[in-house]
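Chemist: If you want the building blocks of each chain, they are given just below.
There are 2 protein chains.
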Amino acid sequence: MRRIGVGLLGLGTVGTGVCQALKNNRDVIVKRTETLLEIESILVRNPEKKRLVEEVQDRITTDFEQVLRADIQVVVEAIGGLDPARTYVEKALEAGCHVVTANKELIAKHGAELEWLARRRGVRLLFEASVGGGIPVLGTVQHLLKSNRIHRITGILNGTTNYILTRMEEEEAPFERVLADAQEKGYAEADPAADVEGFDVAYKLAILGRLVFEAEVPVSRIPRRGIREITPEQLRLCRRLGYTIKLLAQGEQYREEGPVSLQVGPALLPLSHPLAPVKGVYNAVHLEADVVQDVTLIGQGAGEQPTASAVVEDLCNLFRMPAAPGLSPSRDSFLLPSDDDGGPRFVYLEAGEPLQISSPAELCRRLQKIGLAVDGAVIHPEDGCRGLGLIFRRWDPSYPPILLAELGLEGVRLSTLPVQDLPFTRELSAAQAGIPG
Amino acid sequence: MRRIGVGLLGLGTVGTGVCQALKNNRDVIVKRTETLLEIESILVRNPEKKRLVEEVQDRITTDFEQVLRADIQVVVEAIGGLDPARTYVEKALEAGCHVVTANKELIAKHGAELEWLARRRGVRLLFEASVGGGIPVLGTVQHLLKSNRIHRITGILNGTTNYILTRMEEEEAPFERVLADAQEKGYAEADPAADVEGFDVAYKLAILGRLVFEAEVPVSRIPRRGIREITPEQLRLCRRLGYTIKLLAQGEQYREEGPVSLQVGPALLPLSHPLAPVKGVYNAVHLEADVVQDVTLIGQGAGEQPTASAVVEDLCNLFRMPAAPGLSPSRDSFLLPSDDDGGPRFVYLEAGEPLQISSPAELCRRLQKIGLAVDGAVIHPEDGCRGLGLIFRRWDPSYPPILLAELGLEGVRLSTLPVQDLPFTRELSAAQAGIPG
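Each protein sequence line maps, in turn, to chains F and D. Position 271 (the first sequence) corresponds to 271 in the UniProt record's numbering; numbering is contiguous. Position 24 (the second sequence) corresponds to 24 in the UniProt record's numbering; numbering is contiguous.
Worth flagging that the hints you see were computed from the coordinates, not collected in a lab. Be a bit skeptical, because a hint or two may be false.
Any copy, or any two copies together, can satisfy a pair, since identical chains are not distinguished.
Derived DMTMM-like pairs: lysine to aspartate or glutamate, alpha-carbon spacing no greater than 20 Å straight-line [claimed, not checked]:
| no. | residue 1 | residue 2 |
| --- | --- | --- |
| 1 | 109 | 58 |
| 2 | 23 | 38 |
| 3 | 91 | 197 |
| 4 | 31 | 256 |
| 5 | 23 | 290 |
| 6 | 109 | 362 |
| 7 | 91 | 71 |
| 8 | 31 | 115 |
| 9 | 369 | 421 |
Sequences are here, hints too, so could you generate the full structure?
Modeler: Below you can see the structure in the form of structure tokens.
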């Protein structure tokens, strides 16, 4: 039996969940890993605060140095944010402690140098909880798909925005109203920018990009759009065209060690895409790889218990699972994705007054005639049309004036969203599809 | 750099896939695991047969002993079936070789004794490919969720039957016609019993039961129903009630080391269940656990490449991942699930001639009045009703005569299917649901 002393930084949602999981599942952990994980010291800001887990009261301190002086081999960082978390993690690694963290911002922005520091000190830095909460996505990529070349990842990595989009679609309610309600219910922060503007997703995508593609991409260089401009009308039109709108993290690598594209933003998913049915606060990741073909992981992306699960699994793995090989991130391999990448695009035209538009089919034919390949069109509402949704097979930034001129439209607001294709539709062959059994 | 010699038994679909993956992804495997996996010898039945992978021609033999005499540390068994696979695997283990296999029947029926043999010889037996094809479900349970108590598993583990049910639902086509077409396309075997009668799923569930619940359950004791009796009418009525029908592998454990229930059969899934959207040849597993809450894994459950992926991942993990602790399967913990378990049930009444039934709502009220709790009713077709679908909140084997008498029905065929509840609906609390982020 191995005994491991743990120093815990922070006793908020995640810290409390970790205390409870270590207590409640102590027997399972001992049986399966022959390891006793003991919390020796807990750093808090306010020692007077009433705690959910009373039995740790005697190990509480407000002095970080005291945590390091305790009999510990691992520090669990559950404070969040950059400061003072970064300093503490650096000091813990310097002191020869392993570190397990749920801190996506810290790992996204400083993961590379922290990993380098850990390697230099002969310790490990694990951060499963930083992406997808309880879903073991990093472990799956690192340990269970390592003979595969993963060439595309698509993720729903923020529960708050997925919850908002789900309710907007189901209730046909506008963004602001659903957001206000989510804030009231505690499902969204008072300042919702990190979620709804896509920052949170960008952190997670940066982490995935480093792990999956070995691409070290500064978060600030990841193109990012939020969901504020999505309307229930767009959601309704998309559904009638066979799509849903999700806030997606998208990463693609064009060959092994080749250029990488990362982007965050709302995009259309075909209703038959494995991520399309992922609703509410659930998170999910879809991986496309050369041997396994595609794997989807779905689970709860946040919350006390799921996040604690990922932290505790990291603690169990520290002394059991092999370290990932030292990465040689290819810093120059980053390819900026373009909004004008020539891929399929949903185009939404919104007029102040009813549009004089014939039927969707007639509209498609007119656009085909002038050389614009349209895969679908829908008019909303049918009588007294004020909105128009079109799926372009390929999109080019030169199209808007052509489109508006052909339709004889003025004073119309045109917005576009990328459309994600189905796995395999680009290169499906019978052999790849395989025979089921 | 470690060099591992591999002896391959069988060069059919899986064996060919393994050869190709080891060749095509050699660089990735070397980079990430510092291991060179070399196929040294391949056992085939017919050495004259033209092979897809030509470069292994010089290592082909028809003599099993010659494989063992080659410079190998691992045997990959890719023959399938019980004989001679079982003998070969035993001999390989006896000879001190690790074994990786995709053979679900062998592991389901003889896994326990083969593991015991492997342990005694100080080698390992890995079989990720035996359940869910490319989906790393066994690895996830063993390595990435080991601090969790998993209390329920629900799986779609057979691509052929899921393909058939998907097409029956989408095309409203009868079982026999879809099966015949699937056979013609090579999606179903000439003798479809293993798939459509649920044997294949029972093998996989037995393996999962041993791994997840430490329950050693003989395959023959797993209650098993196939999909032959499912009709497009049932599928249509279920959908109108908010459900779909899937061939499910269901396993439940009522407390740590407590009694276990395993069963295979068609069951209703609420359309919002994470497994409901899994279509066609895809497989999926839904895990419910005490800390992580629930995780769903979806992927291709068969086919040359996905299966090869799982085999090759096992090869990479042989010398890297920790062995699972020795199991102490609780042989007496098996609880036979009952068709009369008091859970929710879909009841289908099929008459030869039109039924004189009032509206579904009226029907529910009548049944409530005599003490039968009905959550939904649907009549098909509305005009000249010949079929009737009911969702009972709880089902009891004494109900059919009461039901038929109350409705004044005679000569009516009554069949029932269990209904799977949503994760958490039994004990959801706000704290468990957590706050998204």
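Chemist: Now, for every hint given, state plainly whether the structure supports it.
Modeler: Structure-based check of all given hints:
{"no.": "1", "hint": "109 <-> 58", "result": "neither (34 Å within a copy, 52 Å between copies)"}
{"no.": "2", "hint": "23 <-> 38", "result": "within (9 Å within a copy, 46 Å between copies)"}
{"no.": "3", "hint": "91 <-> 197", "result": "neither (32 Å within a copy, 60 Å between copies)"}
{"no.": "4", "hint": "31 <-> 256", "result": "between (40 Å within a copy, 12 Å between copies)"}
{"no.": "5", "hint": "23 <-> 290", "result": "between (41 Å within a copy, 13 Å between copies)"}
{"no.": "6", "hint": "109 <-> 362", "result": "neither (51 Å within a copy, 62 Å between copies)"}
{"no.": "7", "hint": "91 <-> 71", "result": "within (16 Å within a copy, 49 Å between copies)"}
{"no.": "8", "hint": "31 <-> 115", "result": "between (30 Å within a copy, 19 Å between copies)"}
{"no.": "9", "hint": "369 <-> 421", "result": "neither (25 Å within a copy, 52 Å between copies)"}
In this structure, the earlier hints numbered 1, 3, 6 and 9 are contradicted, and the remaining ones agree with it.
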